[in-house]
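Q: Those protein sequence lines, which keep their order, are chains W and D. So for the first sequence, this note's numbering puts the first residue at 1; every next one is plus one. So for the second sequence, this note's numbering puts the first residue at 1; every next one is plus one.
If you're looking for bench data, these hints aren't it; they were derived computationally from the structure. Quick caveat, the model's predicted, so the values are computed rather than measured. Even glycine gets a Cβ: it sits at the ideal position worked out from N, Cα and C. Just to be clear, a hint being listed does not mean it is correct.
Claimed, not checked - These stretches of chain D come out as covered by chain W in the derived footprint (C-beta under 8 Å, 3 or more residues):
1) 153-166
2) 263-273
Stated by the list, open to error - Partial chain D-side listing against chain W, Cβ under 10 Å, derived:
3) M1
4) F52
5) L135
6) K241
7) E286
8) G295
9) V309
Claimed, not checked - Computed beta-carbon distance windows for the label pairs:
10) W:G266 <-> D:G258: 45 to 53 Å
11) D:A184 <-> W:S27: 43 to 51 Å
12) D:S284 <-> W:I276: 13 to 21 Å
13) D:E11 <-> W:P304: 15 to 23 Å
14) W:S51 <-> D:A14: 47 to 55 Å
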Amino acid sequence: MDYDLGTDAVELRTRLRELISTHIPESFLGACTDDPRDLATTESFCKLLASDGLLALAWPKEHGGGGGSVWQQTVLREEMWAHHEPRGAQYMGVNWVGPALMRYGTAEQKARHLSAIAGGEVIWCQGFSEPEAGTDLASLRTRALPDGDGWRITGQKVWTSYAQMASWCVLAACTDPNAPKPKRLSLFLVPMDRPGITVRPIRSMLGPHHLNEVFLDGVEVSADEVLGEVGDGWRVMREALAFERVGIARYARCESLLDRMQTDLGDDWDRLPESIRARWVRALIDLRVARLLAYRAVSLQDDPSAGAAASAARIATTTCDQQVAELLFDVLGPSALDSGPSASLHGAVEDHWRYAQAATVASGTIEVQRMLVAREALGGHG
Amino acid sequence: MKTALPEDIAEFAAVATKRLARLGGPQAALRAETEEQLRHDARAALSDLGAFDLDVRSSSEDLLAGAVLCQAAGATALPYPLVEELLAIDGARLALVNPEAPRIDHGDLAGDWIAADLDGARYQVQPSSRTGAKLGPFLVPATLSQPDGTVPAVDVDLHLTLGSWRILGAVQQCLEITRQHVAARMQFGKPLAEFQAVRFTIADASVATRGLHELAKYTISRVESAPAQIRSADALVLRLKAADTARQVLRTAHQLLGALGFCDESDVSVLDRHTQSLMRLPVSTEVLAMRLMPGVRGGQLETLFSGPVSA
Numbered sequence: 001m002d003y004d005l006g007t008d009a010v011e012l013r014t015r016l017r018e019l020i021s022t023h024i025p026e027s028f029l030g031a032c033t034d035d036p037r038d039l040a041t042t043e044s045f046c047k048l049l050a051s052d053g054l055l056a057l058a059w060p061k062e063h064g065g066g067g068g069s070v071w072q073q074t075v076l077r078e079e080m081w082a083h084h085e086p087r088g089a090q091y092m093g094v095n096w097v098g099p100a101l102m103r104y105g106t107a108e109q110k111a112r113h114l115s116a117i118a119g120g121e122v123i124w125c126q127g128f129s130e131p132e133a134g135t136d137l138a139s140l141r142t143r144a145l146p147d148g149d150g151w152r153i154t155g156q157k158v159w160t161s162y163a164q165m166a167s168w169c170v171l172a173a174c175t176d177p178n179a180p181k182p183k184r185l186s187l188f189l190v191p192m193d194r195p196g197i198t199v200r201p202i203r204s205m206l207g208p209h210h211l212n213e214v215f216l217d218g219v220e221v222s223a224d225e226v227l228g229e230v231g232d233g234w235r236v237m238r239e240a241l242a243f244e245r246v247g248i249a250r251y252a253r254c255e256s257l258l259d260r261m262q263t264d265l266g267d268d269w270d271r272l273p274e275s276i277r278a279r280w281v282r283a284l285i286d287l288r289v290a291r292l293l294a295y296r297a298v299s300l301q302d303d304p305s306a307g308a309a310a311s312a313a314r315i316a317t318t319t320c321d322q323q324v325a326e327l328l329f330d331v332l333g334p335s336a337l338d339s340g341p342s343a344s345l346h347g348a349v350e351d352h353w354r355y356a357q358a359a360t361v362a363s364g365t366i367e368v369q370r371m372l373v374a375r376e377a378l379g380g381h382g
Numbered sequence: 001m002k003t004a005l006p007e008d009i010a011e012f013a014a015v016a017t018k019r020l021a022r023l024g025g026p027q028a029a030l031r032a033e034t035e036e037q038l039r040h041d042a043r044a045a046l047s048d049l050g051a052f053d054l055d056v057r058s059s060s061e062d063l064l065a066g067a068v069l070c071q072a073a074g075a076t077a078l079p080y081p082l083v084e085e086l087l088a089i090d091g092a093r094l095a096l097v098n099p100e101a102p103r104i105d106h107g108d109l110a111g112d113w114i115a116a117d118l119d120g121a122r123y124q125v126q127p128s129s130r131t132g133a134k135l136g137p138f139l140v141p142a143t144l145s146q147p148d149g150t151v152p153a154v155d156v157d158l159h160l161t162l163g164s165w166r167i168l169g170a171v172q173q174c175l176e177i178t179r180q181h182v183a184a185r186m187q188f189g190k191p192l193a194e195f196q197a198v199r200f201t202i203a204d205a206s207v208a209t210r211g212l213h214e215l216a217k218y219t220i221s222r223v224e225s226a227p228a229q230i231r232s233a234d235a236l237v238l239r240l241k242a243a244d245t246a247r248q249v250l251r252t253a254h255q256l257l258g259a260l261g262f263c264d265e266s267d268v269s270v271l272d273r274h275t276q277s278l279m280r281l282p283v284s285t286e287v288l289a290m291r292l293m294p295g296v297r298g299g300q301l302e303t304l305f306s307g308p309v310s311a
């Protein structure tokens with residue numbers, strides 16, 4: 001039993017921190033801000049990572065990836081999230097669209113998309129959720145009707161992150177409403193500039209680009225733009241999403257923010273109320289536990305007996321995210337609500353609190369994760 | 001990275017669990033409150049398992065074996081001061097005490113005792129007799145001498161760590177009992193396990209227990225390699241988390257077992273009463289947290305971003 005990430009992973013962490021400190025401004029809070037320079041920062045940083053084979057680190061080399069070990073991938077996830085995800089919206093293409101294409105895509109689809117994703121040249125969005133189908137994706141209503149050799153898609157998507165900046169979308173639509181639920185859906189690879197697609201941003205506390213509505217009005221899609229088999233979308237979706245089942249390394253940003261805040265406070269840390277300092281200690285302990293649960297899930301990711309290890313890690317990590325958000329706000333007191341570059345840690349604390357509210361909702365709600373853990377412990381479904 | 005216990009240790013854990021369970025589990029621990037022989041039987045079982053041949057201070061393999069043995073002891077509420085004997089100094093069992101109110105679990109057992117506090121100060125002890133308490137029924141108030149030298153810091157760290165493995169075993173067992181109960185107990189025409197509120201409560205307890213297990217493995221795996229200050233912080237971290245998790249899971253167990261969980265015929269009641277001494281002593285979790293506070297700025301409470309710790 002050892003918890004050594006390995007020399008290559010440790011070296012990668014050092015290298016990533018060097019790259020970030022050189023190329024990412026200290027005030028960077030991610031691509032989704034009102035400042036267009038942040039998006040430009042992520043675009044150039046992705047190309048830099050891609051040129052070193054680091055953007056698609058997990059991918060096999062023949063698809064333009066870096067062939068990295070699972071622990072190198074873990075370090076990449078940690079360092080990127082800790083530093084406000086300087087890959088911007090790219091992680092969706094890299095983390096699951098690409099791997100799904102490798103498994104289910106045709107030779108033409110692979111040739112068209114994989115090198116572009118690995119090269120950091122293209123942003124993907126995910127057209128799954130709908131106004132009446134969120135967690136229960138099998139119930140979605142966007143309809144793809146046969147039209148000649150292809151399909152014509154009409155419906156509405158919602159909460160679609162990055163839809164404004166994306167050039168491609170993995171779109172889920174119902175191809176046979178009379179089929180059994182698991183066979184109703186198909187996935188389509190659709191360019192976002194295709195006629196009939198309208199994107200409307202949704203103002204939210206999360207900031208720009210996070211949430212959008214996407215309206216589909218008779219969008220033409222050809223037969224060769226179906227990912228996997230027609231009617232097999234539910235299975236492809238489930239298996240594809242499993243590629244990122246360990247989830248975001250939220251604990252890494254929490255540890256980073258606490259570290260930066262403690263440095264910022266200096267000797268004032270010792271003058272914080274004892275109750276706050278005790279919460280700080282407990283937060284660091286909970287973050288350690290969340291990190292270890294994530295490592296356990298990673299170490300079991302190819303093990304069929306892994307069960308709900310990834311869900312357990314997600315529950316621990318997402319709840320830590322909100323715990324640390326509240327702690328940092330209480331540390332700041334009256335200035336907690338200040339935002340922007342002049343606020344504490346260049347606005348990172350306020351930004352973290354807002355974004356942490358979505359931690360237990362995005363990419364599989366905490367309720368779904370609890371269901372999965374309970375299913376393993378108790379059997380049954382609910 | 002290898003996050004699983006080595007195969008031989010996992011096998012030893014299975015053997016130990018079976019052997020200690022054969023003593024009668026928590027119900028035997030309950031009887032031990034009044035029948036002296038059962039504590040001797042517990043020692044004999046540990047002896048069968050080679051517990052007293054383990055050198056937990058100098059062999060990492062023995063330390064791991066000691067940890068899973070403590071876990072098995074926790075799961076069965078084994079009525080014996082296993083940690084104290086694994087860490088005996090010159091044949092005297094080592095108790096970890098709070099000098100302000102020294103109490104020693106099983107301090108009335110024959111044999112020599114020695115005590116240390118969390119700072120490593122060493123004391124000669126004069127145990128008195130058991131008080132018949134419901135919580136921590138084997139606790140014995142003791143009188144301490146003036147500090148009489150020190151014990152190595154690693155002994156204190158190992159004491160906290162192995163004690164946490166005992167807590168882990170108790171927590172896992174309580175969760176298992178609760179899991180079985182909600183699967184079998186029918187209310188409103190269906191098993192409790194079909195109510196979502198119950199399922200979510202079990203899920204949360206399960207995540208907490210898994211987390212404690214991972215932390216316990218991580219902590220024990222680097223006892224040898226971590227710098228002394230980080231090792232000490234690790235031990236405090238584990239003990240604090242173990243006690244917090246025990247509170248959560250025991251609360252869950254009591255709530256879901258209902259009145260049954262308070263009855264001594266339920267193992268949950270016995271596990272709860274007998275584990276309280278480890279959860280509360282030598283100090284509360286609040287005191288453990290306070291002891292960890294300097295480690296936040298000093299880097300002993302290690303994170304992905306802490307720098308090197310100065311000696």
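Q: Now, for every hint given, state plainly whether the structure supports it.
A: Tested hints:
1. 153-166: violated (count 0)
2. 263-273: It is violated, with 0 qualifying residues against the three required.
3. M1: 6 Å, holds
4. F52: 24 Å, violated
5. L135: Since the shortest Cβ distance to chain W is 24 Å, the answer is violated.
6. K241: 5 Å, holds
7. E286: 7 Å, holds
8. G295: 8 Å, holds
9. V309: 14 Å, violated
10. W:G266 <-> D:G258: 45 to 53 Å: Given range 45 to 53 Å: holds, Cβ gap about 52 Å.
11. D:A184 <-> W:S27: 43 to 51 Å: 58 Å, violated
12. D:S284 <-> W:I276: 13 to 21 Å: 18 Å, holds
13. D:E11 <-> W:P304: 15 to 23 Å: With a Cβ separation near 22 Å, D:E11 and W:P304 satisfy 15 to 23 Å, so the hint holds.
14. W:S51 <-> D:A14: 47 to 55 Å: 51 Å, holds
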